Amino acid sequence: MLVHCLTLTFTETADPADVEAFRDAIARLPSQMDVPFRTRQGVDLGERATNADYAVVSEFANAEDFRRYLIHPAHLAVPREHVRSAQSVQFVVGDDD
1 MLVHCLTLTF TETADPADVE AFRDAIARLP SQMDVPFRTR QGVDLGERAT NADYAVVSEF
61 ANAEDFRRYL IHPAHLAVPR EHVRSAQSVQ FVVGDDD
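Under the UniProt record's numbering, the first residue of the sequence shown carries the number 1, and numbering increases by one thereafter.
Treat each hint with caution, since some may be false.
[Stated by the list, open to error] Quick list of simulated restraints, FRET-style, between CB atoms: (1) V93 to E12: 32 to 40 Å; (2) E59 to T13: 29 to 37 Å; (3) E64 to Q32: 12 to 20 Å; (4) G94 to P73: 28 to 36 Å; (5) V93 to L70: 16 to 24 Å; (6) V93 to T13: 34 to 42 Å; (7) G42 to F91: 17 to 25 Å; (8) S85 to A25: 14 to 22 Å; (9) P36 to T13: 34 to 42 Å; (10) D34 to T13: 17 to 25 Å; (11) G94 to I71: 24 to 32 Å.
What the hints contain is simulated information worked out from the structure, not anything from laboratory work. Predicted, not measured: the structure shown is a model, and the values here were computed from it. Glycine residues also receive a C-beta, built at the ideal position from the N, C-alpha and C atoms.
The whole structure should be built from the sequences, with the hints applied where relevant.
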């Protein structure tokens, strides 16, 4: 399994409706794509001032499914105009982990 973790910070002009639009777009992705994957997401709890604002964790069966996800029109259509910065990491989880 390949795990994709994304943390992002919204612009100062992003309002709750912008964050909700982002959340809704991410939530719709699995039903819009022919790539099987699972996604979890949420707003940062605010425990540390240096944390990002939001996180998305997606699980894919393999790297090929992840590559298909990255170029899929539904993924490319996720609203990003209020995202100031994003960091991601991908890692493989083996059957024995």
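Hint numbers not upheld by this structure, sorted from lowest to highest: When the structure is compared with the hints, only number 10 turns out to be violated.
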